[in-house]
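Chains as they are written, first to last, in my numbering: chain A, 1 to 300; chain B, 1001 to 1406; chain C, 2001 to 2354.
Simulated from the structure, these hints should not be mistaken for lab results.
There could be a bad hint or two in this list.
Stated by the list, open to error - What follows is a list of derived Cβ distance ranges for each label pair: (1) C:2201 - A:160: 57 to 65 Å; (2) B:1338 - C:2080: 40 to 48 Å; (3) A:194 - C:2123: 31 to 39 Å; (4) C:2012 - A:243: 50 to 58 Å; (5) A:243 - B:1404: 46 to 54 Å.
Stated by the list, open to error - Below 30 Å or equal to it, Euclidean Cα-Cα: the simulated DSSO-like pairs (lysine-lysine) are: (6) B:1125 - C:2215; (7) B:1173 - B:1387; (8) B:1125 - B:1174; (9) B:1078 - B:1067; (10) B:1062 - B:1387; (11) B:1346 - B:1370; (12) C:2294 - B:1123; (13) B:1071 - B:1059; (14) C:2215 - B:1078; (15) B:1364 - B:1078; (16) A:295 - C:2294; (17) B:1387 - B:1346; (18) B:1346 - B:1062; (19) C:2215 - A:170; (20) B:1123 - B:1078.
All residues carry an ideal CB built from backbone N, CA and C; glycine is no exception.
So you can see what is in the structure, the chains are spelled out below.
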Amino acid sequence: MLDNLEILVQAPVITVDLVLNGLLLGAIFALAAYGMALVWGVMKIINIAQGEFVMLGGYVAIVMAGYGLHPLLAVPAAAILLFGLGWVLYYSVIFRIVDRDLFISILATFGISIVLQQLMNTVFGGDVQIADAQLGTVFLFDGFVSLAQVKLLAFALAALLGAILILFLKRSRLGQAIRATAQNARAARVLGIDTNRVYAATYGLNAALCGACGALVAMAYTIHPYIGLPYTVRSFMIVVVAGLGNIGGVIVAGLSLGAAENIAGFVFGAQYQLAFVFLLLVAVLVWRNWRLARKREYLK
Amino acid sequence: MLHYRTLAVAVMTTACLPVATALAQSNETIILGAAVSLTGKYTTNGEHTQRGYDLAVDKINKAGGVKVGDKTYMLEVKYYDDESTPARGAELAERLIQQDGVQFMLGPYSSGITKAVAPVTEKHKIPMVEANGASRSLFTNGWQYIFATLSTSEQYLTGALTLAAENADKLGKKPEEMTVALAFENDPFSQDVRAGVLDDMEKLGMKVVIDDQLPRELNDMAATLTKAKALKPDLLIVSGHSKGAATAVRQINEMKVNVPILAMTHCDSADVIGKFGEGAEYTLCATQWSPTLSYSDDLFGSAGDFATLFEETYGYAPPYQAAESAAAVQVFADAFTRAGELDPQKVRDALSETDMMTFYGQIKFDETGKNIAKPMALYQVLNGEYKVVSPSNFAETSAVVPRPSM
Amino acid sequence: MRNGAARLTGYLVLLAAGLAAPFLFPAYQSQMAELWLFIVFALTWDLIGGQMGYNSFGNVVFLGVGMYACALTQVGLFYDVSLYNQARGGGATIFTFDWQQYLEGLAVGLPVGAALAALTAAFLGSLVLGMRGQYFAICTLGLGIAAGEIANGWDWIGAGSGMVPPNAPDAIGNLARFYYYFAMVLAVLTFLVLRRLYATHFGLAINAIRDDEDKAESMGLRTTRIKVTAWIISAFFLGIAGGIMGNLKRFIDPVDTAFAGPTFGVWMVLMAILGGKGTLWGPVIGAIIFQVFKEVSWTYLLGWQRVALGLLIVLIVVFFPQGIMGFLRERFPARFGHRIESDSPAAVTQERAG
């Protein structure tokens, strides 16, 4: 561990590389987390199948690449297909658990996630797959910092989608209905908003965002049927830090998580990278709780 | 009292449901038991294993079955799905032996699961011929009933290290001046390969500069590769099943990590050539077997014949996992015939005296049960094809070392 | 009186059936041993999740700690642990245990596992049990996975290569039967302790926390201390179960066996819900039905059993969240000692709210 720190000190340019690549990775996490922030904030549901939607989006890209189409086309295609899946899932399962204990939603979506994993395993096999976008790499500082173009592209897309999402929620009719429902579902219903449809749209939107994210993951990293969990838990982590329904916060939290985790992986060794992420999650929650407890004491 | 009754009913159901249709060794069939990975992370390799078994069973049955004493038997395999987890594998082995009355076991896929199954077969004194558990630790427990057709893990990359040492002068160095970066997945198989690599390195006097362990879920090894860029090792070794191989090749190209020698396991099952084309060039890959090797037997013919038959049946070229699995069935058939009866103890004794040639290579077990007669081979990706470059008696061509820089 | 006698007879019959089972169905011993452990899983989870209302996904931490602590003690009493776990690197050393060593290892190992698991619960509990609802659930989920990842990187305990508990000497006889009785005794003990516990003030206190924690606190209950104590009790039994589980499975994989969140971690929740959260017999019944379903689907739905399991989870939590005991209680309230008031479903809704 100390020798790793020494490398960082001797060649600070490596830190730049780690941070930049971490930010690019973080953008992908943020993209997967937008939807979770929405669904959690609006429907009071924690969607464990988040990572599986990402995985499905990845397979859309792989199938399209298999037909000779450019995998970038898969980003919108995956979004549309996954929106449909989200809609169907809402009307078959999710609508039954919307008003229930949050814990029920965790378990139910966990059930959905293992069904999806297994179906994909049956259809595509358990192997790692990638969709090659045929893009190069940008090198800075004599090649010490390398940024794959596809990751830069993913970063730009994640930022763009985040902006669109914020605008959509602020300006569009449906977006306003979603926000109204999030604030007070009963009042929204009284005012004539079909909250059921709003929920379905929210869940579909979440799936669509994850699908787009998955297509990018297939191009920049790898896809296999069991890849979901890391994306789900990172989404959690990001949303917990950012706060529910706070898209801007999700972007910042996502990017910082990516950078922090990359540096931790370098310093502590890659085997502790995931442990770091989860301990960070626990630490954030403990810290949040401690702050709340203090606030409570003041009130007394 | 209702709850007692409910409980009683439930207990009865537990007890009565699958009263095993005892698949005892009736009339003309010998049942071999196998728990392989049909779901979970080892699905693909589990399938290769199953297909290897099936192909050999089919071929043997078509050739008239196995002669045991004065009777002829057909072979049949009873499968369960271990979901790629060791705990499940052990449970299913127990079930095969106790409930299904299986008396001969074929191995599962992966060292971890074999490690979990071996104590069970040992306890019940059921001989197991396994083809996919390479871990050396399987053979240091004094177990009597496990036999492996494959070379053990510490030999996987010996060829690559030897090759590196032989070509040290091309890098302008002595072998003991060479530096090595290791990136190994944190699972039983890869960690065993790592132990073997460390042993070999000690013998050759090479120095480790990076020794990273990759978590099982990771699909990004940028941190390790950044380190490699800074420290410029002469040799980069990666092992992490197919996932590790694919991730490594992709990111090494993306980040232009210039290492003179790159060696890994599982390139062929990850299909690095198909996925990355030129990006995979000059990679050294450990393999148990190759269709171009000059082995042959009476059942399948030559290694090449096996490859053709496999491709005709399943539509893709056989990875070595399928070949070693098929060989495991052949070993059993051979032992049944030599034992002359189907007593597990007699069959075990016959197994321990196995000395046969197959399309997969020579098979001869030492007293711990591992195959000591067959060497590992080493491929190099050259012009989009896997070419055997080591050991020298099988080499199709000589290796290109160092890799031309990118 | 008559009721009491019948109850006692019922218990005795069940006990006798449990004792005889390995001889009646010798082929199913290891599955039945696992079933007893599952009963412990479900019971200990229900203490926290059902009775106290704190839905934990992190109880596998205690299972894993118990499993490793027990196996490490069993080895460490007689050999150098790091040497034992590094044996994967080759070397001809063969580690054997004679029956005295084996029993001694277990006699020390199981309590050490239990104690360490309880300590872990005390430490983690004081850290995270202040959280409410969803945050607690997620935090424990994180703890479970983090523990697995740490074990997976820790060389001394075997890291990703896993650890093999000591090989049993021949004198132990049938290992599955040997551990079947350990598991059975543990399950019965856990059941009796919890049954006794739920009848005390402590039982009432944790129910009060479930029903309304703020009120309970304002009534003067020291809720944090009670919650941590409950988690310690749960962890204690789970730690022993871990020690037995490791020896029963004979191979400890850090992520797939010890800290197995997506399997054991979720199953324990599922079993408790299936049988009926917050009841004494519910987790027991849930565990039995779950184990039967699991074994049958593994046999007859080759390759599709995980889909079946996923669908089962969805069906149970979506359509049957009150569980079997909850369902029975709704159908036959009189049998559960609820007075049926003239077509007012108050009692029932009250139960469901829990």
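Here's how the hints hold up against the structure:
A hinted range of 57 to 65 Å for the beta carbons of residue 2201 of chain C and residue 160 of chain A is consistent with their spacing of about 60 Å. A hinted range of 40 to 48 Å holds for the C-beta pair residue 1338 of chain B and residue 2080 of chain C, which are about 42 Å apart. Under the hint 31 to 39 Å, the C-beta atoms of residue 194 of chain A and residue 2123 of chain C, about 49 Å apart, miss the expected range. For residue 2012 of chain C and residue 243 of chain A, the Cβ-Cβ distance of about 57 Å falls inside the hinted range of 50 to 58 Å, so the restraint holds.
Take residue 243 of chain A and residue 1404 of chain B: their Cβ atoms lie about 52 Å apart, and the range 46 to 54 Å holds. With a C-alpha separation of about 62 Å, the suggested pairing of residue 1125 of chain B with residue 2215 of chain C is violated against the 30 Å cut-off. Proximity of residue 1173 of chain B to residue 1387 of chain B is assessed by CA-CA distance (about 26 Å); at most 30 Å being required, the pair is judged to hold. Restraint check: the Cα-Cα separation between residue 1125 of chain B and residue 1174 of chain B comes to about 50 Å, which exceeds 30 Å; the hinted pair is violated.
A C-alpha spacing of about 20 Å is found between residue 1078 of chain B and residue 1067 of chain B, which places the hinted pair at or below 30 Å, so the restraint holds. Between residue 1062 of chain B and residue 1387 of chain B, the direct Cα distance comes to roughly 33 Å. Violation of the 30 Å bound is thereby established for this hinted pair. Our distance criterion of 30 Å between C-alpha atoms is met by residue 1346 of chain B and residue 1370 of chain B, whose separation comes to about 19 Å. About 25 Å separates the Cα atoms of residue 2294 of chain C and residue 1123 of chain B, which keeps this hinted pair within 30 Å; it holds.
Of the pairs offered as hints, the one joining residue 1071 of chain B and residue 1059 of chain B holds, with about 18 Å between alpha carbons and a cut-off of 30 Å not exceeded. At roughly 59 Å between alpha-carbon atoms, residue 2215 of chain C and residue 1078 of chain B are farther apart than 30 Å, so this suggested pair is violated. Among the hinted pairs, residue 1364 of chain B with residue 1078 of chain B is consistent with the structure: their alpha-carbon atoms are about 26 Å apart, no more than 30 Å. For the hint pairing residue 295 of chain A with residue 2294 of chain C, the CA-to-CA distance comes to about 47 Å; that exceeds 30 Å, so the pair is violated.
The straight-line distance between the Cα atoms of residue 1387 of chain B and residue 1346 of chain B is roughly 42 Å, outside the 30 Å bound, and the hint therefore fails. A distance of roughly 26 Å separates the Cα atoms of residue 1346 of chain B and residue 1062 of chain B; the hinted pair therefore holds under the 30 Å criterion. In summary, the hint linking residue 2215 of chain C to residue 170 of chain A is not supported, as the alpha carbons are separated by about 40 Å, beyond the 30 Å threshold. Pair hint residue 1123 of chain B plus residue 1078 of chain B holds up; C-alpha atoms about 20 Å apart against a cutoff of 30 Å.
The structure shown violates the earlier hints numbered 3, 6, 8, 10, 14, 16, 17 and 19.
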